[in-house]
Amino acid sequence: MADEPKEQQAPPVPAGDKPAASPSPPSTPPAKAAEGVAPAAPKPPAPPKAPVSLQTPLNNELVTRLRAKFTSGILEAIEDRKQAIIIVECARLAEVALHLRDEEKFDLLSDLTAVDWPKREKRFDIVLNLYSFPKNERVRVKAHAAEGEQVPSVFGIWPTANWLEREVFDMFGIVFSGHPDLKRILLPDGWQGYPLRKDYDIIQQDTAWVKENLGIESGQ
Amino acid sequence: MARTTIAENGEKQHTLLGADELILNMGPQHPSTHGVLRVKLKLDGERVIGSECMIGYLHRGVEKIAEHRSYQQFAPYVDRMDYVAAVSNGLGYCEAIEKLLVVEAPARAKVIRTILTELQRIASHLLWLGTHALDIGALTPVFYCFREREEILKIFEKYCGARLTTHAFRIGGLQYEAYDTLEKDVERFCKAFESRITEYEDLLTQNRIWLGRTKNVGILKPAEAIALGATGPVLRGSGVKWDIRKAMPYAAYDQYKFEIPTGTTGDTYDRYLVRMEEMRQSRLICLQAIENIPAGPIMAKVGKVLKPPPGEVYHSIEAPKGELGYYVVSDGTVQPYRVRIRPPSFVNLESFDKMVRGHLVADVVAIIGTLDIVLGEVDR
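Same order as they appear, the protein sequences are chains A and B. Heads up, the first sequence is in my numbering, so the first residue is 1286 and it goes up one at a time. Heads up, the second sequence is in my numbering, so the first residue is 790 and it goes up one at a time.
Simulated from the structure, these hints should not be mistaken for lab results. Some hints could be false.
Claimed, not checked - As a list, the in silico DSBU-like pairs of lysine-lysine whose alpha-carbon atoms are at most 35 Å apart:
#, chain 1, residue 1, chain 2, residue 2
1, B, K1090, A, K1468
2, B, K973, A, K1367
3, B, K947, B, K973
4, A, K1367, A, K1407
5, A, K1496, A, K1483
6, B, K853, A, K1404
7, B, K1035, B, K1090
8, B, K888, A, K1483
9, B, K1093, A, K1420
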């Protein structure tokens, strides 16, 4: 599969989907054996480095205020490379967002997007990047959503979420409850699958398309 | 006079001279849509009472491609989004990855980046001015604008060999040292450019046809602009004084003096004035920057294989069209786990419906022009 999540090393991918320069599994080339030279012993794997973590718990005034107001609705607050991330309970996303806009003055929704982590129990991250004009500050609000779980729409809070949520629906298949017109935006209406999911296979989709439209076995 | 009739289902319909509502399809192949934008207009006579933008004709799946390339390999792809401001796209991407790697480009690289990015802003605004005026019916400015834009593209060509999709910057700094006469070329351009802006303004600013076609057309109030997420000249035209170069300085912008122009009524004319003034300010930034380009290395110490520590970063820059944001998630491997690009054109285009309602069909082209969209970036 071309799109499985990466582990230690990038997985082998069908030809054409990946440049040759990317790290390939260490296999002994057959030419060397033919020369009569004993193939070099494979290097012992380097001892695994301690994972570098740049994420630390965040405890600023904003987080304290939010925790006091929403208690269990705020799951976690972390700081990553000096950027604040607040993880909230998915069902209360719109409620927290409204509070952030009205009480904390985060009046601009810069961006709304999603990330797919297929191995996790709740596979999707909904990510909102907010900006506050009076404070000149950014904050990132995240919510975890399971497959098929409905996420409360923030369209009523920031109308700009209209197209942004449509794009997330288009690319990940995440349904936003309360969105006035949730339909595909960039892809044609009849498109199969959700391309930015990690298990969406580009090659398979391409093969299906050429079979249907060009009547040939493979376009590769 | 509009007449109100009651339809069979009981809904009130406002029609002009008893005419039925008409759906007019505009684009995707239409000279004023600046690419492949399709707009469905709901008309009452010649007045627009509703609209829907159909986009995605240029969708190439850039964000998916990013997940299958290494960090460096993906850098040239971002040039293909806003292809009339490739340098700005590259700056945003390189700085986002630098933040992810926790490295900083050397001072010399930052200054050269600033010069090229500001030239790119002028080039992008010139293309906007020429085509916008052409859409409205002024034929002359486009020739003048392309004349000056050519000078900028020549500087890019001398610097990195490419004119449009430049891939001028690298993660960690620059690949190419500034060529010998870069300062002189930029200075010559900036000196000449001052009188050229006056020339454009002579053609348009007090022109009665121009005033008639742009004043009070496509008004966006400040609160509406913020709610709709508009950024860049569209937001500033509505009177909100916000520019990421000042609010959260990146590259070398904190070293230079410049003003943020704003409009008052938020109409097409105000956005025109804002962009004209921005060109003047960009010119001033370039002149300040070439006075003192610090010596030193142009590349920070980054390895040949980039493996950012796991985590995520959101970095945005003030691209010619607005806030261009990159949200990059790393899982510690050589390929990004996710790259989300926050395109200014896509979000600004959302304001189109708000701006176009109540105007005539002829104003639709003025409003598309004033939003300054590039479909490569809208669709990615």
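To see whether the hints hold, each was checked on the structure:
For the hint linking K1090 of chain B to K1468 of chain A, the alpha-carbon distance of about 46 Å lies beyond 35 Å, and the restraint is violated. Distance hint between K973 of chain B and K1367 of chain A is unfulfilled; the C-alpha atoms sit about 39 Å from each other, more than 35 Å. Note on K947 of chain B and K973 of chain B: the hinted pairing holds, with a Cα-Cα distance of about 13 Å set against a maximum of 35 Å. At roughly 26 Å between alpha-carbon atoms, K1367 of chain A and K1407 of chain A fall within 35 Å of each other, so this suggested pair holds.
Straight-line distance between C-alpha atoms of K1496 of chain A and K1483 of chain A comes to about 23 Å, which keeps the hinted pair within the 35 Å bound. Distance check on the hinted pair: K853 of chain B and K1404 of chain A sit about 19 Å apart at the alpha-carbon level, within 35 Å; holds. Between K1035 of chain B and K1090 of chain B the CA atoms are separated by roughly 28 Å; this keeps the pair inside 35 Å, and the hint holds. With a CA separation close to 25 Å, the supplied pair K888 of chain B and K1483 of chain A stays within the 35 Å bound.
Between the alpha carbons of K1093 of chain B and K1420 of chain A the distance comes to roughly 39 Å, so the proposed pair goes past 35 Å and is violated.
Hints 1, 2, 9, counting from the list given before, are not met by this structure.
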